Structure formats: C-alpha cells, structure tokens
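Listed here are the chains, written in short residue letters.
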Amino acid sequence: MAVAARVAGVLLTAFFFGLTFEGIGRKVTARIQKRYGPPWYQNFIDVLKTLTKHGWTHGWIFDFGVVMALGGVIATLTFVPLGNFVAFPGLDNFFVIVYLFTVGALGMAMGMVGTGNPWASIGVARALTLMLGYEVPYLIVITSLLYNFKTSNISTIVEIQSVNGWNIFRFPIGALVAFICLQGMLGKEPFEAPIAPAEIASGPMVELSAKYMGLLMLMNTFMEFVEISIFVDLFLGGGNYFEFLLKYLTVWIFAIMISAVLPRFRIEQAVYFYWTVPLLLAFIQVFLVVAGM
Amino acid sequence: MITLLIAVPLALAFATIPLRKLARLILPVVVLANLVILFALKPHVGKIIELGSWPAVYGITLFFDEVAFYFLSFVNMMFLVISLITRDERFSIPLLVMNAALNGLILTADFFNSFVFLEIIAITSYIISTDKDNALGSFKYLIFGGVASIFYLIGAVFMYVQGGTLNMAYSSYIIGMSNPELMKTALVLFAITLLVELKVLPFGLWVPDVYGNGSALTPVVLGSVVSTATVYLFSRLSLTFVDEHLPPVFYYTVLASIVLSQLGALYQKNLGRTLAFASMASMSTVVASLLTRQESVVSTALFYLFTDALAKFVLFTVYGNLGVANFRNAKTTGIAFTFSSLSLVGVPIFAGFWGKYYLLKALFEQENYVLAIVVLVSTLIELAYVTKWNIEQWFAKKETTKGEIENIDLPFVQKLFVLLSALILLVIGLFPQLLLDKTNLLAEKLFDFQLYRDIFFGKGGM
Amino acid sequence: MQNILLVAIIGSVAGYLLSLFYRRLGPIILLLISLYAFAMLWEIPSNTAENFLGYDVLYLTTLGKYFALLSLIVFSAYAIFNIVWIETLKTPHAFNALSILTLAGTLGVFFTTNLVVLYIFWELTVFASLFIVPMSKSEAKRAAVWYVTITAIGSFAFLFATFLLYSKFYTFDLVEISRNLSQLPKPTIWLVVCSMLTAGIAKSGVFPLHVWLRNVHGKAPDTFSAVLSGQLVKMGSYLIALLLSIFPVTTLFPHFYGGVNILSYILIWLGNVSILVGTLMAIKQNDMKMLIAFSTVANSGYILIGLALLDQVGFAGGLFHVFNHAIAATMIFLSFAAVVYRTGTTKIDELGGLIHRMPVTFITYLVGIISLAGIPPTSGFISKWMIFQSLVSRGMFVTEIFVFVGSIGSFLYVFRPLAGVFLGQLKSKYKDVREVPIIMQIPMILLVLVTVFFGVFPGQVLEFIVGAQKEFGIDAFQYEGTKLITSMGYWDTWIVFVMFAVGFLIAAVLYLITPKGKKIPLEDQYTSGEFLHNFDLYHYASRFYAFLEREYGDHPSLENLYASLVNALKSLGKGIDYLVSRTASAYVFWLGVILLLLWKGW
Amino acid sequence: MSNRGNVKIDERTVWEKIADQLRSRSMWMLHYCTGCGAVELPPSMTSRFDLERFGIGPMATPRQADIFLITGYLSVKTLRRVIYTYEKMPDPKYVIGFGSCTINGGIYYDSYATINRLDYYIPVDLYIAGCMPRPEAIFEAFTKLMEMIRKGEANGWKRYKENYEWYKQNQLRSLGEVIIHDEFHE
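Residue numbers (my numbering), protein chains in the order written: chain A, 32 to 324; chain B, 75 to 536; chain C, 16 to 617; chain D, 56 to 241.
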C-alpha cells in the first residue's frame, strides 16, 4: 500500500505543482512583456474547461494515441525521484526513464497523425527531428555523469550530491549543455518549431478539440515535470521534497525567461545548432570526466 | 591388339568417304568398338607394343599403361556421347580421323609419332571449327596452330639429335644424364605448342571466336576431348620425362591467364563467348596446378579437369542448341544447366566443389598460397557471371512476336545425355572418393619415370 | 540433429513434388517441418555431438540451439503467412522447395562447429536463397547477383582461413583449433580471424559489405525478405558470435581502450559506422522495404557492437538484440507483405490511411516498430538497455554517440512508414481495401504476443543467453525473475509493465469520465478555411524528412563505388576481348616479334 | 435558458453551472480576422490592455477555440468560410459581432458583395457598437459575455443546433448552390 500512496503522491504533486508553476510561468512572461498576466490558477481553469467541452474524435487510433500518450507519461512520472521522495527506490534507472518517456511521445505522435491532418504529420516530423538534435548531446552529458558516479540510478546520484555538493558546480559545462537540451525538450521558444502556431497551426495539436486538448495539456505538463525533475535531480542535488520543488521552480522560471525573449529556430537550424555547439561542449565535458577531473 | 584403336577409325574414315550418309552411323559404332577393345585389354596393362617388331629404340612403339587406359577411356566415352548427339553429318569423317589421332597421341611413346598425331588432330579441329561458317575464327586458329606446331617439331629434332633416338623414354633418359639444359629448352618448345591447344591466354587468343561461334559441336569436341588429350601429353612430357620446373615466366603467365580470362568472361554479353573464356580459365587452372609439379596437386588437378570437362560439355551443348534459352519451359535442361554451372563454380553438393576443395587443400599443404588465392579470386569472378547467366535464363521473359513464350527445348537424345552427365556430377559430388582414388593413381604413375624406363629397358634395346 | 537435417532436405524435394498438385501444400510442409524441428530441438540438450551420414561433425552448442530455435520461429511464421500469400507467385513450386532448402541450410550451419561442414551448409543456404530473390520483381535479378558475389567474398575468405588452419593443425574442428590457436605467429592469427569474420560481416550486412542489402531485401518476394532480414542475416551474426566466443580473443589480442581488445574495438567501429549509415540512409528511403533493409544494417551494427564487447552485459545485450531484431523484422516485413498483397505497391507516398481498412496489419507493424525502436514494454528495449549499460560502464563515449544517434534515428525512420502508409488520409484508390485473410493474420498476431510476452518476462531467452555465456567462459548475466541486474543499476520489467498499465488505466478513466467525442469522417479536417475536393493530396508522406535530408544530401555512396569497381574490372575484360578479336595478320606480326625476341634473348 | 412566461428558469445542472464558471474564465479566441476590426485585437492583447488577465488568448485552430469574432463587414466569399469554420468549433461556442456592419450592413449595406444581417446566418451572442470599437469597448463586451455565460444566457450555439434548418436555408439562399466543374467533380 505504501507504494500506491507514494505513486499517488508523485502524481498529485506533478498535477498540482506542474500546473501552478505553469501559471506562475505565464505570469512571469506577462511581467516581462509589461503585462499583468493571468492568475496563477489560470492553467487549472484552462484544463478543466477543455475537459467539459464536447469535441470530435477521428477514430479509435486517435483516442488510443491520446490515452497511450498520457498513460506513458504518467508511467514515466512514477519512476522519477523528486528529491529523496521516490515511488520505487532503486528502480529509477536513467535509461528506463528516458525510453519510457518515448512511449508517451510515440503515442502522441501516432494519435495526432492518426487524425489524418498533414499539419500534424509535419509537426511530428519536426518534433522527431528536433529530438534527434537535442537527445544526442543530452545523453552524452548524462552518461558522462553516470560514468563518473559508476551508477545509472538517479536516486543514488541524488544522495551522492547531498554529500559532496551539487553537480552543477562540479560539472558546469555538463549542466549548461543539459540546460540547453532541456530547453529543446520542453519545446520552449527557441526550439518551438514543432508546435509553431503561426507556421503549422500548432503542429500536432491542430485537430485536438475539447477534452483531447485538455488531456494533451495535462500530458505536456507531466512531460515538463519529468524533464525538469531529472535535470534538478542530476545537477541540483538532493534535499527534501520542498527544497526539490524550490529548485524546480527556479529552473522553470529561468527557462521561461529565456523563452519569453527569443524568436523561433527553423528546424534544421535547431538540429545544426544542437549538433555543433552543445555536442562540442558535451565532448569537452566527457574529456574532463574521462581525464578524471 | 591396341593398335586397332588407331587403325580401325583411320581405315573406316577413308573407306566411308564415298558413302557420306553411312559415316554418320559408323562413327558411334567405331567408337563403341574402341571402348570394347580398350576394356578387353584392361587386364594386361603396362605393355609396350612395337610396331613391325622393330626394337623400341629404332621402331615406333606404343605404350599402354593405366594412365593411358584412363585417359583413353575418358576420351572415347566423350567421343561416343558426341557422336550420338551431333545431328549434322558433315563432320563425321574428320571426327573419325580425329578419334584415331587422339588414340594415337595417348598411346604413342615416340616423339615424332606424337608430332604427327598432334598435326592430324590440329587439322581435323581446324575443319570442325569452321562449323556455323566461322571462317575468320578458324583461320586465326589455323595460324596459331600452324606456327606453334613448328616448335614441337624443333623440340623433337633436338631430342633426336642429342638423344640419338626418337623414343621418348630413351632420349629423355640419355639427355637427362648428359645435357639436362637441352632437355629444358626442348620442354619449353614442346610447352609453347601444347599451351596453344591448352588455351592459356597469350597462346589461346583464338579460343573465344572458335568456341563462341554458337555451334554445339566445336566447343565440345575441342573443349572436352582435345584439351584432355593435350593435358595428358603435357603432363607426360613435363612431369615424367623432365624433373625440373619450366621457367617461372610460364607459371606467372598461366596465373595471369586464369584471372584475365575470368575478367574477359565477366565482360562478355554473349553466353557463348563467356563460356569460351570460362573454359580458358579452367584449363589455365589445370595447367597452373600441373606446373607446380607436386603429386597431390597434380592428382587434384586431374580430378578438377575431368569434372570441369563434363560440366563444360553440358553447358556448351545446351548453349549450342538453344542459345540463351528460357528454362521456364525447358525445365529438365534448365536443371541440368544449373547443376553443371553450379558444379563449375564449386557449390557444395556438386563434383566441382570437391575439385576445388581438394585442390585448395593440396595447395595449402604445399604452402603455395599464391595459386590458392588466384583460384579463389577466379572462382569469385566466375560465380558472378555464372549466377548472372543462370538467373537470366531462368527468369527470362522472351515473348516472341506472337506474344506467347516460344518453348524450344533440347531434342530427347541430347536432353538425355545432358541430364545424365549432370547426374554424374551430382553422384561424384556425393561420393568424391570414386574419382579421387583413380586420379591419385594417375598422378603417382605420371611421376615415376623410373617404372616407365624399366619397362622399356627391360624389353630390349640398349 | 541429423534426422532434423535429413527431414528438412527430403522435405524440400517433397515440397517441390507436392506443390505441383496444389501450391499451398508447400508452405504447409515447411510449417510441419519447422514445428517438428522445434519440438525435437527443444529436447536435445546442448553440447551433444552426433554424426551426419557417417562423419561425426554435428555438435550442438547452446549458442547454436538458441539461433536454431529463433530461426524456426521465424520460418514457421513465414510458412503460415505463405499458405495464402503463395497465390501471388508465378513459380510457387521452386519457391517452396528452395525455402525449405534454405531452412535446412541454416539449421545445418547452427548445428556444426566443423569448419568445412559449416561452409557447405553456408553455401547451400546462400544458393538456395539466391534463386528465390528474383522470383517476384524483374529488377531483382541484378540484386541477386550482387547478393551472391558479396556473400561469396565473405565465404571464400572463410574458406581461405579454413584451409590455412587445416594446413597448420590438420583439423577442421573449431574447438580444437581455438585451443592451440595461440601457437601461430601474430600476423597469421590476424589474417585468419579477420578473414573468418569477413564471412560474418558480409552476411550480416555490416558496413563495408552492406551494399547488397537494400536491393535484395527491397526487391525480393515480400515474405521472403522477412526471412532474409529476420533470419539469414542472423547467420552472419551467429558466425561472429561463435568466432568471438570460441577464439580466445581477449587473450590473443592486446587490450586497447575501456577494457576492450583491439580486434573488438575495430569491430565496434565497424558497428558504429554501419549504425550511422543504416540510420541516415533509412531516413531517406521512400520504398518501405528498402527502409527496413537499411534498419537491418543499423541493427546488425548494434548486434556487432554488443557481441564485440564480450563482457557480462554487452554480450548478453548483443545476443538478446539478435532475438528482438529477428522477431521485429519478421513482423514488419510480414505486415508490409500484407500491405503489398492488398495494394500492390511498396512506395510510401502512394499509400496512406490504411489503418482504417487493415487494423490488424497496423497493430503488427506498430508493435514491430515499438520493439525495433527499443521502447520499454516490448523486448526491443531490454537488449538496447544492456548495450547502453555496458558502453556507459566502460566509458566508450564515441561509440555511445553512434549508438544514441542510431536509437533516436530509429524513431525517425520507423515513423515514416507509420505516418505515410498507415495513418493520414486514405487514398481513394484503396478505399475498398479489405483486411488480409485470417491465415495471414495469425502469424502476425502470434509474433505480437511473443514480442510483448518476452518484453515483460524475458526469463526464457535470458536462460539461453546465460547458457551460451557460461559455455564460452564469459561471466553470465545476472537476473532474478524479471529483475535485470547489472553493475550500473537494475530494473524490473514486470513493475515497468504494471506501472505502464496503471498509467494507461488512469488516462483511460480520465478519457471516459469526460464527455464523449463525436466521430467525424476522415475528410472533416481543419484546412485553414479552404474547400478541398481531392483529399488524396491532403497527405504528408513524400520527402517526409526533407529538412533533415538536405543536411546530408550529397553523401558518398558506397554502392556507386562498388559498381564503378566492377566496371573497372569489366573494362579490363574489354581489353582482353579487344586483344582476342584482332585480325589474323596482327597475330602473325606479333608472333614474329616474339620469335625475334626469343631468338635474340636466347 | 428559456424565458417561459418572462420568468427566466435556469435549467442548467450543477455540472453545467460549474462548467460555465470555468468557461467564462478561460475563453480562447479564434485568431481568424474577418474584417477591419481585427486591427483592434492586438492592442487589446498586449501590455496596455492585457486580455490574458481574463484568461482570453488567441488560438490557431477552430478546434480549440471558444469565441468567434466577426470583426466588421462580412463579404459573401468570407461568409462561406466563416460558416465552414464555425461548424468546426466544438460546443459551446460564442460569436461576437463587431460594429454596425454585422447588425445591418453598416456603410456597406447596399453593396452586392456583403451581407447585411449576420444573425440570419450564424447565431450571434453579443454585438459591440462602434465603427470599429476601441479596446475599452471590446473589454466591456468580453466582461458582458463572461457574465452572460455565467448566467447561462449565451446560448447561441444551442439556437444554432435547434433551428439548424432555418440557418442552413438562409445560408444557401445567400450563397447559392455551390456547383464546381473541375477534374475532381463528376
């Protein structure tokens, strides 16, 4: 029963804090644009409003895709350690989380293209290409971390950091690369080509009416929650639950601030950028790790 | 008794000139008779026959031992099959003459006599190569053959002047003792002549035009029968009588000839010329193995020679009669063609594989890696074009003007023999020991000049 | 073992004769043979030696048993699918006979450690499969010739090494050779091992010799490319696995980097390049079968990296990936065969929206690509996870780059047919396409169940892998039930599956309590206000990753290099042909010159 | 909300009430600028008049939109697309007509190309007076609309569903039967 409680705890945290932080993010963006911005609970209202509307479905593959997407991301969420609060101690292997994460992405991709709208296919093709871009330097940097600590369990790395300091200070370049890739993962401004509202009518989400939009927004929140919590766990060390949320907020606000002021990369520029600057930095990081820094 | 093998075909050849039709029927009967005589004389092998009871040194002698017996049986069997298969009777008489000359060539133990028989074979093969009005090709063959045979004569004269006698055993023994250097030059001269017939590239430039002219008869007669007899003479001369190597330049030219003729075959667009180049390549492989002068290698070379001759027989017969056939509606011929072409390439369950397998095993035991690699590379190239042609014929969609696929097929007799030889290849493929023991015996016999000489010296003469 | 082989060989003749009466009998016989062989083989304990027609050459290693059982699964799925599919073939009798012969050949290869017998069965398989390749498309003829020649390069190198070893040790038995291999001088060891591995590399389509894969798998008869890619490629991986484990590679060759000896390092680099080539070329392909052919090149690279690591986790990862890729490739090619059976084309941009007409085929393809791309609930992920763990623990970061590009790239290229063929707008031409008959659906569904089952309970496959590792002295991979343990960390397939189900349940509950969406037809799309009349064009499939392909558009193509090499050889042949067809007077002149030289030279 | 005997009886269930509260606080505009009034929208969304305070923001596709703004005159050609897009929006959806052109054709009342009364073709919940209302007027309208939604009076989408035939007939009469002769049509 303890496991079920812990899982429920993780999910509720993700739901509640995910949406509140998104609300705070929108407020920060508004403040940057010298606007008041919506109340902090605006995202709750948006999600619940979409869930009450009467939408359309494009057949069983569309429904299955949306449910598989949300289900996959929820499954990934349960394995992610929030500071020292872990649903399955020991089982949170980094590669399992990254690849279980792709179940959600594949489900969403399949569902959206299942609608039959070419905007969605173009959006998904861009999303996958962008993923090819940011995933390689990200995994290189993280594996250099794993190689350094000789374990691929995130919770053990969290404990190590609570002992001898945050990784962000020991691997600054690695943290920088990971943050740039995080920006791509979150789909925030500089790398927003896959869901560009102006160019391809919000990409994959073009045919999402009412509740499907709500479920996908929930999934997007959970995805962001997973991505940022991995970053926080690996680079900003341990500490209890509330410290974790505080660090999560700072990282989130920092990402939002960058996204609020930058225009959007073209997709091949994004991949070209990812495979030159961050990959080079990742290599420097690897060299330092292997050289026993 | 053994002289009948030469006398009967020769006599009947000239007897039947007036009655042209009859020759067509006599040919198979004569060859059958040869075979019967041959097998009748099997028990007392290893005997010299002196013509006109002149002693060996002076007169002309025939030497009938196991090596001669097996080569004769193979040549005559192939001749029997050819005689049954050919449909145009124009060449019956030259074939009879050629049969006599071939038997003579294998049996004779006399230099000048072998030159005479060689000349007769050459002339008859010029005539046969004019099939399908291939005048230019046979004329080039005539030029090559004529010029080359002069060297054989000079060689024989050297042997006679130095050795005092034309008998192979005596003269090579005497010259071997007194002046081995001369023996080597004589062998070089003999080699130049024989290499023309053995289709090694620089000398065999005439082969593609003659073999590739599309007739069923020429390539089979020249390819399988005459080449085998020439291999016998070449191995007898270079292995038994002389026990040093030919100058290494010959060895390298033969190696180059293997690879270059394979490349030539790879380039060809016409199946006939491809098969011509292929037979040049395989014959050069046999010659290269003979030149290594090691007994195990020579025995495997002979094994490879016999299986290759059979396979070439099938390929040339099918090509001669059908051209680039469409096997979709000639299934049995197709299967025979594929079996023999795969055996040519060395696919496991066929005889060709064991030919290459034993050859490579022997070469590796003798640490002769160069020839092994050349054989492997040549098989690789051969594999490429043989597969191309096999697939081309199995999956060809030849629509005639009437739209449906014309279904031409081999007549029954030819199809029977083609299938028979393909099955022989399969049987040898499953039980290679049958042929291997015989070729080991041949190789062993070819190498001991001692036994050959004792039989002659024991008989008479000095 | 001997009677399995004999049954298969006799079966092929029987297959030919019976299918003369009724063409569907052939696949049924193949099915019976493979089921019989599976049952018999399951009982035979590994390390048993038997004689075959009098020569005691057959020796069943655990590795051989594992590969044989895997190939029998692939062949039985192929046979069931063929029962109905055989109708589309013009020459079914030869097809049946030769496919049974191919099975016999592959089983022969797995059952022996005697080099010559291995070579014989190897050639038997190559030539049996050769004649099947050109049976459907006419331009497959050239592909077949390429297939044989490149595979022959490998097998002749293997033959060369076999005879070299025979001339040194006078035995063909691999186990005995490996025992006293170290006596040979260093260069000879290098020559022998490299030439033997070339056979494996040529057959499994690894980098330098992968050129034939695209054409052969792309143009072979549809179901046979499932066997080609799922099973025959695995013969190459089997040979590599056998050689790397039997030969004492770690002691023979000096240590190079990250606990890996120099030979394995070269193999790993070959694997890397083939992953990169396979992935980038697969992303470009528009023909779906050629796309999966290039994914086979990439996955053979994975297997090679896994095997070359030769440690507890990496070797097990390589072997497990053999299982995953075989099953996944078969599933994908069978689903393509079903698509082609109904629509007749393999071009992605000519198809679209087939999910609405062929749901079962879609599900097979979906689970196939989930396993091929290595996504958790299916077995594909386990092997990739093992290889990642081993690479990370050794700190081989450059290899990791290629491996990550390969695994992420696999999402891209498997998604292209998914979006182009199955999802998107349904072309009006295929409006009334029906699902494939039941018999064709059975193997597809079976393979789906196998993939998901072994994804959650990999125990049985791991048992074989651990057996193979123990047999060759590599310390075995540890696992308890469904928990996979490595030095770097562990995870539990069962808990991941349960949590995936729980997540799916939560999402489903959320989906059900909210108001139900109204089903709208495929044509009711947001078209930014435009009125569309021809929805066939409203489908994004051709040049799917145009923006990515432009980045590496003008890449060097190895195929053209090999083609120009062959043309160079042919031009050499043309030179000979030129020499041959000179006039007689030219010959006389040259003969005179030679005579002069001889005379003067003498 | 039916006013039987001039007593407005609220027939909404509890869930409906809560949903309307949510719908009023988070309205997504369809970013489809039909007329000259569209130029007023950007200033209302940017820093001086911040629409996002009320949870109102632009959306790219009709599938996700709640409010449909008809900003000014409506030519016959755009009417066909307006109807096509309106039917793509999920229920409940609200329409706001800007300026007099949507009420009685405004200054283009006698033009051959524009329509005079928007209400005949799609149900309009709210009109904003002014020949292109300034942002303040737009804010006034939006707050009014939010209030109407909370009270359950903004039922244009229900009216459209109930007398769908009548609307369809008006639309066909004004647009005329659409007959296209090209290679796609028989």
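Derived by calculation from the structure, the hints in this document are not laboratory data. Some hints could be false.
Straight-line alpha carbon distances no greater than 30 angstroms define the calculated BS3-like cross-link-like pairs of lysine-lysine that follow [what the hints assert, rightly or not]:
| id | chain 1 | residue 1 | chain 2 | residue 2 |
| --- | --- | --- | --- | --- |
| 1 | C | K183 | B | K519 |
| 2 | C | K533 | D | K206 |
| 3 | A | K181 | C | K615 |
| 4 | C | K442 | D | K72 |
| 5 | B | K258 | B | K343 |
| 6 | C | K105 | D | K199 |
| 7 | D | K213 | C | K533 |
| 8 | A | K58 | D | K132 |
| 9 | C | K485 | D | K213 |
| 10 | C | K485 | B | K343 |
| 11 | D | K223 | C | K534 |
| 12 | B | K462 | C | K589 |
| 13 | C | K156 | B | K258 |
| 14 | C | K589 | C | K156 |
| 15 | C | K156 | B | K489 |
| 16 | C | K531 | D | K216 |
| 17 | D | K199 | C | K534 |
| 18 | B | K462 | C | K498 |
| 19 | C | K531 | D | K132 |
| 20 | B | K435 | C | K156 |
| 21 | C | K533 | B | K405 |
| 22 | B | K206 | B | K435 |
| 23 | C | K485 | B | K462 |
| 24 | A | K181 | C | K485 |
| 25 | B | K206 | C | K585 |
| 26 | C | K152 | B | K405 |
| 27 | D | K216 | D | K132 |
| 28 | D | K213 | A | K58 |
| 29 | C | K299 | A | K219 |
| 30 | B | K435 | C | K615 |
| 31 | A | K65 | D | K199 |
One side of the interface only, derived from the structure: several residues of chain C facing chain B at Cβ under 7 angstroms [to be verified]:
| id | residue |
| --- | --- |
| 32 | L47 |
| 33 | P149 |
| 34 | K152 |
| 35 | A159 |
| 36 | V160 |
| 37 | F171 |
| 38 | F178 |
| 39 | K444 |
| 40 | L580 |
Model, not experiment: these values are computed from the prediction. Where is the CB? At the ideal position from N, CA and C, for every residue including glycine.
Structure-based check of each hint:
no., hint, verdict
1, K183/C <-> K519/B, "29 angstroms, holds"
2, K533/C <-> K206/D, "27 angstroms, holds"
3, K181/A <-> K615/C, "80 angstroms, violated"
4, K442/C <-> K72/D, "45 angstroms, violated"
5, K258/B <-> K343/B, "42 angstroms, violated"
6, K105/C <-> K199/D, "75 angstroms, violated"
7, K213/D <-> K533/C, "17 angstroms, holds"
8, K58/A <-> K132/D, "40 angstroms, violated"
9, K485/C <-> K213/D, "73 angstroms, violated"
10, K485/C <-> K343/B, "55 angstroms, violated"
11, K223/D <-> K534/C, "22 angstroms, holds"
12, K462/B <-> K589/C, "18 angstroms, holds"
13, K156/C <-> K258/B, "51 angstroms, violated"
14, K589/C <-> K156/C, "23 angstroms, holds"
15, K156/C <-> K489/B, "27 angstroms, holds"
16, K531/C <-> K216/D, "18 angstroms, holds"
17, K199/D <-> K534/C, "34 angstroms, violated"
18, K462/B <-> K498/C, "53 angstroms, violated"
19, K531/C <-> K132/D, "34 angstroms, violated"
20, K435/B <-> K156/C, "34 angstroms, violated"
21, K533/C <-> K405/B, "62 angstroms, violated"
22, K206/B <-> K435/B, "42 angstroms, violated"
23, K485/C <-> K462/B, "45 angstroms, violated"
24, K181/A <-> K485/C, "26 angstroms, holds"
25, K206/B <-> K585/C, "28 angstroms, holds"
26, K152/C <-> K405/B, "21 angstroms, holds"
27, K216/D <-> K132/D, "23 angstroms, holds"
28, K213/D <-> K58/A, "35 angstroms, violated"
29, K299/C <-> K219/A, "28 angstroms, holds"
30, K435/B <-> K615/C, "42 angstroms, violated"
31, K65/A <-> K199/D, "26 angstroms, holds"
32, L47, "24 angstroms, violated"
33, P149, "5 angstroms, holds"
34, K152, "10 angstroms, violated"
35, A159, "6 angstroms, holds"
36, V160, "5 angstroms, holds"
37, F171, "5 angstroms, holds"
38, F178, "4 angstroms, holds"
39, K444, "27 angstroms, violated"
40, L580, "12 angstroms, violated"
Hint compliance for this structure: hints 3, 4, 5, 6, 8, 9, 10, 13, 17, 18, 19, 20, 21, 22, 23, 28, 30, 32, 34, 39, 40 are not met, and every other hint is.
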